[in-house]
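Each residue of the sequence shown is one higher than the one before, counting from -5 in the numbering used here.
Treat the hints as calculated values from the structure; they're not laboratory data.
DSS-like mimics (lysine-lysine), calculated; alpha carbons at most 25 Å apart, straight line:
(1) K485 to K461
(2) K485 to K419
(3) K317 to K294
(4) K407 to K426
(5) K326 to K294
(6) K194 to K211
(7) K174 to K211
(8) K294 to K233
(9) K174 to K194
(10) K458 to K133
(11) K133 to K461
(12) K419 to K461
(13) K426 to K461
(14) K431 to K419
(15) K431 to K485
(16) K485 to K407
(17) K133 to K174
(18) K407 to K458
Beta-carbon label-pair distances, calculated as ranges:
(19) F44 to N356: 55 to 61 Å
(20) L435 to D395: 29 to 35 Å
(21) L435 to V225: 31 to 37 Å
(22) V309 to P464: 33 to 39 Å
(23) V45 to Y204: 37 to 43 Å
(24) A325 to L91: 51 to 57 Å
(25) Q248 to Y204: 25 to 31 Å
(26) L303 to F44: 53 to 59 Å
(27) I33 to T84: 17 to 23 Å
(28) H227 to Y204: 20 to 26 Å
(29) A46 to E238: 46 to 52 Å
(30) A135 to I80: 49 to 55 Å
(31) I78 to D170: 48 to 54 Å
(32) T31 to Y204: 19 to 25 Å
Yeah, the Cβ is synthetic: ideal placement off N, Cα and C, and Gly gets one too.
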Amino acid sequence: MALAIILLALVVASVLFHIFSPWHATDLASNWGSIDTTITITVVITGIFFVAIGVFLAYSIYRFKHRPNQRADYEPENKKLEWILIWVTTIGICALLAPGLFVYGDFVRVPANAMELEAVGQQWRWTYRLPGEDGILGKSAIRHINAENPFGLDPNDPNGQDDVLVMSNEVHVPVDQPIKVLLRSKDVLHDLYVPQFRVKMDSVPGLVSYMWFTPTKVGEYEVLCSELCGVGHYNMRGKVVVDEAGAFQDWLAQQPTFAESLQSSLAGGLVEQGKKLAEGQGCLACHSVDGSKSIGPGWKGAFGKVETLADGSTVNVDATYLKESITNPSAKIVQGYPPVMIPYALSDEQLDALVAYIESLNEGASDQPVEDEPVEMREVKPLPEPKQPEQPEVKEQEDVDPVELGRQLANSKGCLACHSMDGSKILGPSWKGMWGKTEELADGSSVVVDEAYFKESIANPNAKVVKGFPPVMTPYQLTEEELQALIALAKSMAEQTESATGEAE
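Construct all of the structure, not just a fragment, from the sequences and the given hints.
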């Protein structure tokens, strides 16, 4: 009897909790009211079954409870009951699936007059691209991604020159205009989600997914990532602003195009170069520039400040500390922040540009470039002869074996986190037996793993990606001596396997 009462109380409490719960859907701000209808149908059907089964269980427990001197009837089968259950279950499942299939059919058919908007996910921020006056988005490819071309646009495609680039987390769209959102990811799985629009879609590395909606209410709405994407997932937020057509065009006219972005990179001083570099490298995903709280220490007013470190010591935020924190971020962690930043192999020119930009963010600091000479950063190839931060543990000496030096370098640079030395498959191709091997690339072509390819894959890893592996490696700018040491290590791994691999090439 007690169990039957508990079950009935659970059913009643669940229904009341649903009715009076404050966690209901947000107000609809798009054309997808049919999605709300589908959810309502699902809740009603599952609710009916939940109540019916719960009440039936409570009734059965009370009605057929054990009584002395009574014996249950033995009934091994009941055809009538079985057919009733089959038909009721079938009708219930069809009622659950059918509305969703109709809505999905509409969801994948984009209206012909839809405006395209590209959203690019990167730990842990969103950036956007819109077509220019020609109404066509330019071609993009991962091999074109670099510090000044974070979207990876093809510089030789005329359709991409007027593409509008939005590097902030805020994007504007016109009201009552169908929007087709193209989704790309530069690192891991993300998921663009705007609750008021009732749409969400995965952003997957290596492919372009899409969704569409028509915003119906002017206002500001939060953009979320609904796919766990790392330690900063909670902070991967943005804003979509729905404007009237005129206000949207005014906003659009203020945004830079791809061509203008390239020109500003060439014409600007160190501060402008640093700003472009910070945007392209994804620094602003973790470091705010407006004083707001972020995953890492904010940059506004940071230069010259005395920070308390995790070990209790203090440090003055000057150029030396900033450069060390970029190339070796785990050396000195500011108290209250997680040690999650990865090292960046930047040239001295790039480090100077970032430092100049951070210094310019101080209160009252001048926005003028600190040097008259512009810094050339347009080439995809590494800048000429960049000086690297000291790596005492791998510093070359006359009596050091090149293979051993390469092994130390591979460990210190983190190469072995993604490339195995025993033939096992992890994130990147294994180095065992790699040298001299012919590899099939993602685009269907093939390449021989020789010195030229090895160097290119370190300096510009997205240029030729081996088939079956994700394009997630960041570029490394190494000296010729360091490259030769890694090459010696790779060759030694091939010699350990069998000379047949080299002879086959």
